[in-house]
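2 protein chains.
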Amino acid sequence: MNAEVLSIGDELLIGQVINTNQAYIAEKLNSVGIPVTRMITVGDQPGEMLAAFQFAWQHFDLVAVTGGLGPTHDDLTRSVVCEFFRTDLVRDEAALENIKKLFKARGLPMTRVNEDQAMVPKGCAVMQNAHGTAPGYFFEQQGKIMIIMPGVPYEMTAMMEDFVLPHLSKIANRQVIRHRTLKTTGIAESMLSELIGDVSQLFLPNQGITLAYLPSPLGVRLRISVRTHSAEHAGHMIEEVEEKIRAKAKKYIYAVDQEDLEDVVGRILTERGLNIAVAESCTGGHIADRLTNVSGSSAYFERGFVVYSNASKSAELGVSESLIKEHGAVSREVAEAMAEAARTVAKTDIGLSTTGIAGPAGGTPAKPVGLVWVGYSDKKQTIALRFHYPTERRRFKDRTAQAALEVLRRKLLTPE
Amino acid sequence: MNAEVLSIGDELLIGQVINTNQAYIAEKLNSVGIPVTRMITVGDQPGEMLAAFQFAWQHFDLVAVTGGLGPTHDDLTRSVVCEFFRTDLVRDEAALENIKKLFKARGLPMTRVNEDQAMVPKGCAVMQNAHGTAPGYFFEQQGKIMIIMPGVPYEMTAMMEDFVLPHLSKIANRQVIRHRTLKTTGIAESMLSELIGDVSQLFLPNQGITLAYLPSPLGVRLRISVRTHSAEHAGHMIEEVEEKIRAKAKKYIYAVDQEDLEDVVGRILTERGLNIAVAESCTGGHIADRLTNVSGSSAYFERGFVVYSNASKSAELGVSESLIKEHGAVSREVAEAMAEAARTVAKTDIGLSTTGIAGPAGGTPAKPVGLVWVGYSDKKQTIALRFHYPTERRRFKDRTAQAALEVLRRKLLTPE
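As you go down the protein sequences, you meet chains C and A in turn. Every number in the working numbering is 20 more than the matching position in the first sequence, counting from 1. Every number in the working numbering is 20 more than the matching position in the second sequence, counting from 1.
Quick caveat, the hints were computed from the structure, so don't treat them as lab data. Do not rely on the hints blindly, as some may be mistaken.
Each pair may be met inside one copy or between any two copies, as identical chains are not told apart.
What the hints assert, rightly or not - No more than 25 Å apart at the CA atoms, straight line, and that leaves these computed lysine-lysine pairs for BS3-like: (1) K399 / K121; (2) K124 / K164; (3) K431 / K399; (4) K431 / K270; (5) K367 / K431.
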């Protein structure tokens, strides 16, 4: 059984919207044993849409379509679906009830265009929309499946979870595909590749195992993929390869699969019963934002100081004006003073700090754009490490936050 | 002239990586008058790749390919390109110099796999990579163009800016496509659609103008698109439609095109010579992070208090323990006290605050998950507004930060 993901929408073709639906749908179809062979995006033109439907239906066992089901004039998917399956619209009472309920809950008057969304193509199973007014359609014909869902991501994902995936798990074939991703940071792709060496030493080629290198600004991810007859066997195969990779690159691997660095440090802090405060200059609150993305972070994240101005560094953290004057705000000394003060002012076990030049303005030959100091302080030591990320502002903040969280992780794992 | 964007990579088909390249390339090709008709993604299998190359070359005038040019074993695009164009590899001295230079700048030893990346298909113009080791290939044959670039986004974007776009601007045909997006927040898609009414009242259909509604968690965007013979005419057409839309929905439109809410409030604060401090509980630093994404924000962003614990609300902002005890940390009273204290402690013109229940834990019947108060304080007034976003944690933070920045924008535009 193979699948295509088909996205519809001019907003995608002009590059206004980044398509997150395709990745989500692909991941979920994979998880129930249905590999995605192709993804395609076409515009809101009925002719293009119909041609894409026809090609997909001919070449794939399953087609997952999103987009063009909204209430406005540029939403044309429903009429193309009717044309493709040679069917007509009928009113779906459950969809109408759902629309009425949604409007009632929001305390808004229902509009005529919304009511019209309860008209659905005859011959499909109707999937109700938990978060919006457009129902989805599930067609099963001639041994093939076509799933049509709204393009709004959180409406689509709820429909996948509630209806599509439970249904597909029952009917998908029994081949098992499993992936595991080892996330590294602080090492370049080519260095990592040299460190790990020839993949044929890690596993015999052509036995259903692949290893992929995926670079990103936050680090290189290593994806192990296996395809075999049972979940148990897949698990063993993945573990064997993972062990061999860890033997060579353990230090750089900070997390597995969906886990982020903030999840990992959050778990360690929770286990140890430690808490933390952060003092951020150049990252402007981004480290605090990441730490508090984790549910349960209030147990270890005490507070954050976004000390953007020099005055705030002195007022909030007691970093002396003379220290700033002598060494500059972007210096080892100020990073250390900030980390230590974050810890002592907030009365936490650990303090973490950043001070750097995000750019594009503010650089000098001695202190160029991209220079940054990360400070770390606990009850036994206070240190600062220098990094250099000469890139654009948002990427600089991302990379600096990642470096700071990695400094924290390594210190937590090797306390002195 | 029409184009297809072709992405290569198993990581895309299993949903591990969200494809941001397609949107970027589409937007840039549009900007030089080349509409993208289709986007497609295939895996790292040479057979699939070759078939995709053949289909694209047959149906489109221009094909923009990304991915599979890296130094590791799973990068197969180069050999498929050679097969497709029936050509061989030759060493490109400029590419070799570039690779050597990159490694020298990083202070890293050069590896054999990197050196091999200087071998390129014969018959193309070689595009040097400003940020990485893989060069790109620009083929122009039989009146058609194929552009092959690395999949790493910042390497690809630099290659587009430095080589592809300047070259294409010269040869693209003279049809002009222009888009303008009006960004709204605080109003549902169907309400906005009712407010704006029948699009045929805004412009005659089939005169090359379209209007699209694009909902997102941060608000509904309205995209006006025009296609005509001259840039001047396109500009007039867009302005005419924009004026008609603004006449009906002005209050909800906070920005145009790429501008974000933080850019807009940053511009107003700069113009007025005002500065701001924020006190965040449930948004955990996300508002400070957004405000400091703007280059030049140090002129008006003084500091941020990420007061996650109740102790920090008292210690940093002087919010009395009895006030928190009486009304709860998530209350109008505490939101107002936080906003006022942010302003007075930091000695700024404006204070902005958030306090809410991000979830998934911590809700009660009286104060459910998703409840949030946004506080605003200036020298003349201190207020708080209530919002309710019962959604998952990260989306809650995003929507709350957007609501808070919109409260700020409206207050800045209508001072009392």
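Problem - Homomeric proximity label, K367 with K431: Cα distance no greater than 25 Å - result: This pair counts as within: shortest intra-copy Cα distance 19 Å, inter-copy 36 Å.
Problem - Copy assignment of K124 with K164, given that the CA separation must stay at most 25 Å - result: So K124 and K164 fail the 25 Å test inside a copy (38 Å) and across (55 Å) alike.
Practice task
Tell me, please, which holds for K399 and K121 at an alpha-carbon limit of 25 Å: within, between, both or neither?
Solution key: neither (56 Å within a copy, 43 Å between copies)
Exercise for the section: Since the copies are identical, ignore which copy is meant and state whether K431 and K270 lie within 25 Å (CA to CA) inside a copy, between copies, both or neither. Expected result: For K431 and K270, the Cα distance is within 25 Å only inside one copy (15 Å; across copies 52 Å).
Practice task
Can you give me the call for K431 and K399, within, between, both or neither, at a CA distance of at most 25 Å?
Solution key: within (12 Å within a copy, 45 Å between copies)
The structure is inconsistent with the numbered hints 1, 2, although it conforms to all the rest.
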